[in-house]
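Those protein sequence lines, which keep their order, are chains A and B.
Just so we're aligned, residue 1 is where the first sequence starts under my numbering, counting upward by one.
Just so we're aligned, residue 1001 is where the second sequence starts under my numbering, counting upward by one.
All the given hints hold, so there is nothing to weed out.
Pairwise CB distance ranges, derived in the manner of DEER restraints:
(1) B/Ala1092 to A/Arg17: 27 to 33 Å
(2) A/Ala20 to B/Met1080: 39 to 45 Å
(3) A/Ala140 to B/Glu1196: 51 to 57 Å
(4) B/Gly1155 to A/Leu176: 46 to 52 Å
(5) A/Ile187 to B/Asn1127: 53 to 59 Å
(6) A/Arg6 to B/Gly1155: 31 to 37 Å
(7) B/Glu1078 to A/Arg21: 42 to 48 Å
(8) A/Ile111 to B/Asp1020: 48 to 54 Å
(9) A/Ala53 to B/Ile1032: 48 to 54 Å
(10) A/Ala53 to B/Gly1155: 57 to 63 Å
(11) A/Ile169 to B/Asp1040: 37 to 43 Å
(12) B/Glu1237 to A/Ile169: 56 to 62 Å
What the hints contain is simulated information worked out from the structure, not anything from laboratory work.
Glycine included, every Cβ here is placed at the ideal spot set by N, Cα and C.
Here's the letter readout for the chains.
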Amino acid sequence: MMLLLRQIILLTGKDLRIEARSRQTLGLVIVLGILIIVVLGLGLGPEQLTNGASATAALWVAYLFAGVLVFEKTMSVERHDGALASLLLAPIDRSVIYVAKLISNLILMLILALVITPVAVVLFGFDLSAAPWQFVMIMAMSILGFAAVGTLFAAVVSSTRLQGGLLAIVVLPLALPLVIASTQMMIQLFRDGKPIGGTGLTVLLAADVLYLVTSWLVFELILEP
Amino acid sequence: MTATDLITADKQSPQADALDWVIRAVGLSLHIDDRAILHDLTFDITAGSYVALLGANGAGKSTLLHVLATLTVPTAGELMLFGKRVGRGNPAIRANIGMIGHQPMLYRDLTALENLVFFGKLYNVKNPIDRAEELLNQVALSHRADDPACTFSRGMVQRLAIARALMHDPKLLLADEPFSGLDMASGRMLENMLAELHAQGKTIVLVNHDIEQSLAITQRAIVLRQGRIVVNAPTRELDLETVIQEIGIS
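Whole structure, please, built from the sequences with the hints as guidance.
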């Protein structure tokens, strides 16, 4: 167990060190995320700018598209110069590579969320003060499921010639249950003042578990050097 | 001596089973779609031997090396490495394999030292920093230890890739055209390193387009032609003309 943990920390540390040095992913996705929020804010018009549901929707669009870019970029690091083959040759379980890549993606998504969420909150006048921690919890659960499935398909897509938009085409439909469930809960929470729970939470939990377990199991079968 | 004689002579060698083998392939085949890349390959490679894998472009040399490295799963046949059958998983088997591939298998944004230390830790190497510095010294890259790999020339990247492959002191080294991109001095350095590793008892499988060099530095040659073994014989029994003829180079 300690060995697995050490290997996961080693691989995640390597990903974050590469990102810190190259700044290829974060710079790009943060700019993209802010642009999406601003463009949607301007496009929706002033009457929508105090609408919590619009803010949540705009945030989701930003998370989804910036997230796809995060997954693609972190996996492309392994494809450059055949680095992935060196990981596959190493005496580590392939599921370790998946877990480490998932954690790296989650950390980058967290940084992205920390930057673009305040932008959306300010631009849309979204009052989070009624339930800030529930908001964080719903978003964290949604992003976990999204990253789980995004990490898997980034590995699949990176080994094909059909890169570019393919990852978005594959992953965005799979993110729909997460988007629908979290948006429903946000509306319950901020518009109706109801606590989170019920079907929305069940769907979110079920999707997280399903995506995590399936991706973890399938990852080692699809990984090609 | 004809190719058939060479293969048959080797198969019937009374010493073959008595020796410790590192690689045993029985009926190894690889089909991609309907195309046979490797066809019914049967051979042993004994511990401590230095083997050249020769063939024309597309003969299946690199693919075979990938199969031996456990990176590609054969569609038929059986592969045993270090006495264990290769299947999915096998981290213990992989811990004994080092590979120099077509690509450097390095992280271009990490420095030379960071790359080696990372792989050292992945293989549980004791004192990975000391080992990395020792290898950087051997491949004459000590002065660039703290520079990112993306700033290196092709030859330097290749030398770093060699150091990476040796970081965990593997028992079996699979080298796919390791001399490509190296200047004469670096090529000689690598030749000496491989000879030293062979002297230490490591098993080396070398894919090399320079047939003359391969015959001079290795003990045994396996020649592939369209995915089939056409020659498997000690290099002392082979001459350049025969090998060129068997490879099928006009």
